[in-house]
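Peer 1: From first to last, the protein sequence lines are chains A, B and C.
Counted the way this note's numbering counts, the first sequence spans residues 2 to 373.
Counted the way this note's numbering counts, the second sequence spans residues 3 to 163.
Counted the way this note's numbering counts, the third sequence spans residues 5 to 356.
Calculated directly from the structure, the hints in this document are not laboratory data.
Ideal placement from N, C-alpha and C gives every residue a C-beta, glycine not left out.
Zero decoy hints are in this set.
Footprint (simulated), chain A over chain B, 3 or more residues, beta carbon under 8 angstroms:
hint: 1; region: 11-20
hint: 2; region: 54-60
hint: 3; region: 116-123
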Amino acid sequence: MGEFLTDNIKTQEYFLNMGPQHPATHGVLRLLLQLNGEIVENIDMDLGYVHRSIEKMCEHDTYQQIIHLTDRLDYLSSHMNNEAVALAVEKGLGIEVPDRVKVIRTMMSELTRFASHALWYGVNAMDIGAITPFMYGFRERELINDIMEETCGARLTMNYNKVGGVRYDLHPNFQKKVKDFIKHARKKLPDYDAVLSNNIIFKKRMKNVGFIDKDNAVLYGLSGPTARGSGVSCDVRKVHPYSAYDRVQFNEITFTEGDSYARYRVRIREMWESLSILEQLVDNIPEGDYKVKTKAVLKLPEGSYYQKVESARGEFGVHILSRGDKLPYRVKFRSPNFANLSALNKMAKGVKIADVVAILSSIDIVVPDIDR
Amino acid sequence: MSYLSDITGGIKSLLGGMTVTGKYFFINFFTRKEVITEEYPDNMDTLKMYDRFRGEVVMWHNENNEHKCTGCSSCERACPNGAIEIIWKKEVNPETGKAKRAIDKHIYHLGMCTMCGLCIEACPTDAIEWGQDFHHTTYDRTQLTKVLNKPGSKVISGTKE
Amino acid sequence: MIILSNFSNIHQWLLGLIQNAVATRVVELTIIALAYLAAFALIGLLLVLAERRIAAFFQLRLGPNRVGPWGLFQTVADALKLVSKELTGTVKADKFLYGLAPYFVIITALVSMSIIPFSKEVQVFDINIGIFFFISVSSLGVIGIFLAGWSSNNKYSLIGGMRTGIQMVSYELSVGMVVVTMVILSGTLQLSQIVALQQHTWFIFQGHVSAIIAFMVMMIASTAETNRTPFDLVEAESELGAGFHTEYSGMNFAYFFLSEFMNMFLSASIIVVLFFGGWLSPFGITAGIPFMGLFWFILKVSVVIFIFMWFRWTFPRLRIDQILTLEWKYLLPINMVNIVLMAALVWLGLTF
Numbered sequence: 002m003g004e005f006l007t008d009n010i011k012t013q014e015y016f017l018n019m020g021p022q023h024p025a026t027h028g029v030l031r032l033l034l035q036l037n038g039e040i041v042e043n044i045d046m047d048l049g050y051v052h053r054s055i056e057k058m059c060e061h062d063t064y065q066q067i068i069h070l071t072d073r074l075d076y077l078s079s080h081m082n083n084e085a086v087a088l089a090v091e092k093g094l095g096i097e098v099p100d101r102v103k104v105i106r107t108m109m110s111e112l113t114r115f116a117s118h119a120l121w122y123g124v125n126a127m128d129i130g131a132i133t134p135f136m137y138g139f140r141e142r143e144l145i146n147d148i149m150e151e152t153c154g155a156r157l158t159m160n161y162n163k164v165g166g167v168r169y170d171l172h173p174n175f176q177k178k179v180k181d182f183i184k185h186a187r188k189k190l191p192d193y194d195a196v197l198s199n200n201i202i203f204k205k206r207m208k209n210v211g212f213i214d215k216d217n218a219v220l221y222g223l224s225g226p227t228a229r230g231s232g233v234s235c236d237v238r239k240v241h242p243y244s245a246y247d248r249v250q251f252n253e254i255t256f257t258e259g260d261s262y263a264r265y266r267v268r269i270r271e272m273w274e275s276l277s278i279l280e281q282l283v284d285n286i287p288e289g290d291y292k293v294k295t296k297a298v299l300k301l302p303e304g305s306y307y308q309k310v311e312s313a314r315g316e317f318g319v320h321i322l323s324r325g326d327k328l329p330y331r332v333k334f335r336s337p338n339f340a341n342l343s344a345l346n347k348m349a350k351g352v353k354i355a356d357v358v359a360i361l362s363s364i365d366i367v368v369p370d371i372d373r
Numbered sequence: 003m004s005y006l007s008d009i010t011g012g013i014k015s016l017l018g019g020m021t022v023t024g025k026y027f028f029i030n031f032f033t034r035k036e037v038i039t040e041e042y043p044d045n046m047d048t049l050k051m052y053d054r055f056r057g058e059v060v061m062w063h064n065e066n067n068e069h070k071c072t073g074c075s076s077c078e079r080a081c082p083n084g085a086i087e088i089i090w091k092k093e094v095n096p097e098t099g100k101a102k103r104a105i106d107k108h109i110y111h112l113g114m115c116t117m118c119g120l121c122i123e124a125c126p127t128d129a130i131e132w133g134q135d136f137h138h139t140t141y142d143r144t145q146l147t148k149v150l151n152k153p154g155s156k157v158i159s160g161t162k163e
Numbered sequence: 005m006i007i008l009s010n011f012s013n014i015h016q017w018l019l020g021l022i023q024n025a026v027a028t029r030v031v032e033l034t035i036i037a038l039a040y041l042a043a044f045a046l047i048g049l050l051l052v053l054a055e056r057r058i059a060a061f062f063q064l065r066l067g068p069n070r071v072g073p074w075g076l077f078q079t080v081a082d083a084l085k086l087v088s089k090e091l092t093g094t095v096k097a098d099k100f101l102y103g104l105a106p107y108f109v110i111i112t113a114l115v116s117m118s119i120i121p122f123s124k125e126v127q128v129f130d131i132n133i134g135i136f137f138f139i140s141v142s143s144l145g146v147i148g149i150f151l152a153g154w155s156s157n158n159k160y161s162l163i164g165g166m167r168t169g170i171q172m173v174s175y176e177l178s179v180g181m182v183v184v185t186m187v188i189l190s191g192t193l194q195l196s197q198i199v200a201l202q203q204h205t206w207f208i209f210q211g212h213v214s215a216i217i218a219f220m221v222m223m224i225a226s227t228a229e230t231n232r233t234p235f236d237l238v239e240a241e242s243e244l245g246a247g248f249h250t251e252y253s254g255m256n257f258a259y260f261f262l263s264e265f266m267n268m269f270l271s272a273s274i275i276v277v278l279f280f281g282g283w284l285s286p287f288g289i290t291a292g293i294p295f296m297g298l299f300w301f302i303l304k305v306s307v308v309i310f311i312f313m314w315f316r317w318t319f320p321r322l323r324i325d326q327i328l329t330l331e332w333k334y335l336l337p338i339n340m341v342n343i344v345l346m347a348a349l350v351w352l353g354l355t356f
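So that you can see chain A by itself, here it is in the shape it has in the complex (with noise of 0.2 angstroms):
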């Protein structure tokens, strides 16, 4: 018999389009799975199905014009991204904001960080079959949102940073919308765990499955949460702080497993850490200015600025080479989600079909940012 199905059947590897429009794939990224079976052979990742070529539009935008197509990197951090950009020129110009802009930039920054937190829990859930907590994961998302809403006027593409400050100062309802956040989210968060981080079927998903080392971790340049649930130490606003994040107490959350599970913990701790964050600033916001006054057209200097903010998916870096015009000559966007895409087909070689969605939700990509 068994010469009979060695000689007679054979089995070949075969192919399988994951994407362009595919549940599990966040977006229109395509994955064209190697399959033995059910078992992955390789992945070949395609991108650019969103590809809108925001750094060459960059280039004919002035630097004021420049921060809002950075919302469309990154949709869920869109304030970092905002940050960064609006950070490079600073230092360009040489310009200090005021406290109070560094301490609403950083409690943005936090609220902006929880909600895309929340909102990959209930996606990460989503992947791995129960649907219920999303709508846990939104709940708490749409708070933020409507905090977002009130005072920067959008709820997803904010557009809140500018050069110098902020776009307007915070609403009278803020200090008390967060702190009513703070309390509701400590309430909520446990049955974050208890419905799916302590669940038994979704730790055997999780638990040794898309492992990545810390050395190839560093090698493929991974960076935020992915990395950290390897072990590497690399919050940027740990490492190199900007903003408010110098005055603040926080832990940076690390895991040395390195599996999708290790990856999971680090944002669900993350959130907690967010939290203590928003907790310590929400009382402490100096007076004064939510803005200096800049010039009407900004000529950087000539020369090259690079700054690097920790968004929610790591770092997230612009780099802006200036030939002293008002136009930028050139901007770079460092995007996390493309060094940790990167990973992929390294976490996810000889695992299951099933398994290749969970890795992929466990890095959290955003692939508007892969492509820009």
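We have chain A already, so just place chains B and C on it with the hints.
Peer 2: What follows is chains B and C alone, placed relative to chain A:
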């Protein structure tokens, strides 16, 4: 022995999850207290957007059909997307008989607008502002091109750039 | 041989009307078939609606509440929409098998419905090997799903179909062994007999420890049999799109959808019959009133179905190898021990 503790631990974790979801189910089943969604088209009358909400760019008009836009093109220059066009006309002052440039149409392409707010910041006379309407859907994209100053409207006299 | 003794009054009445034994039988069968088809559709539509509303409450939503009072006609509207839709197919699909597959699934569900004792009066087919008949017929449904996956000429469907094969074959075993366990206790395969034996105590109390273990295993295995989360790998929308029925549209899709819910109803019915006394009222409080059995049966089935839904809206999905691990390394050994335990209990007379 770990075999049995696996089973009991697993069952315990599953029951923990079911407790949480079950709690929400029974609360919602009897009281609808934890329901977070809104019944959108039904609450249109009571739905109030926040003051700073960026829905679309509108031009403020007073009761005499007058606005503050002098047509200085600051917004046109500030717009990153070319969503605003200002069209001029020659206006003859009846008293002096001199021809002077004046605003004819303030054209706003909603379809190109990214709601960044730079035009409104750039406006020296605060003529344009944010409208709270977000029902932008149309069947034809030509309807997304709007003329912001109403027909026959004038600049409030004394408005300076 | 179809036993219609429960409908004997109607039978007499029809016989008097038609005056021909064979024609009466045919008319009778047609009426019963139509009634069961109607019940089938009604139960299916109600279950879909219930699932959607219940899911909504689990997920902090309201659910469909627009069509009719409390959204009662939502699924009717959906069904009308599906009927009016075009039946599409893939280019290189095996047309014959592709068309055949949904009927396989729905007919098996319909046939196994015939043996369910809805109440003392309402049971079409009280065969003496009832529960055995149920298992054998309902296991044919997997062929339909497998055919659908194979004939669609779509890799996602194929993977879904393959997974079905693996999953069903494994979990049939568990269902079968649980049934064996309970048959040891009851000593009969006939469903009406099984219910009648629980007149004083339900089997879950009669068999206590062993019956409770069997019940838990049965719940898990039934969830897997009906392809619901945490065992919905066959569809697994985040992995395979819609799995085996990706390429089906309109009514063909509706057949799969409906039969999925019917299978859940049937599994719940069998659980109720085996463990909770079928249509018997608790403590015999409504024993004398005719057709109250129907009420109790539906109530018990609803509770079991609610637990299925609770599972579905709480748990994540297992991976294919974990499903097999769960069956072969956990459920099967537990079942084997449980059969011995049950036999010992019955032998030593330790049952209540």
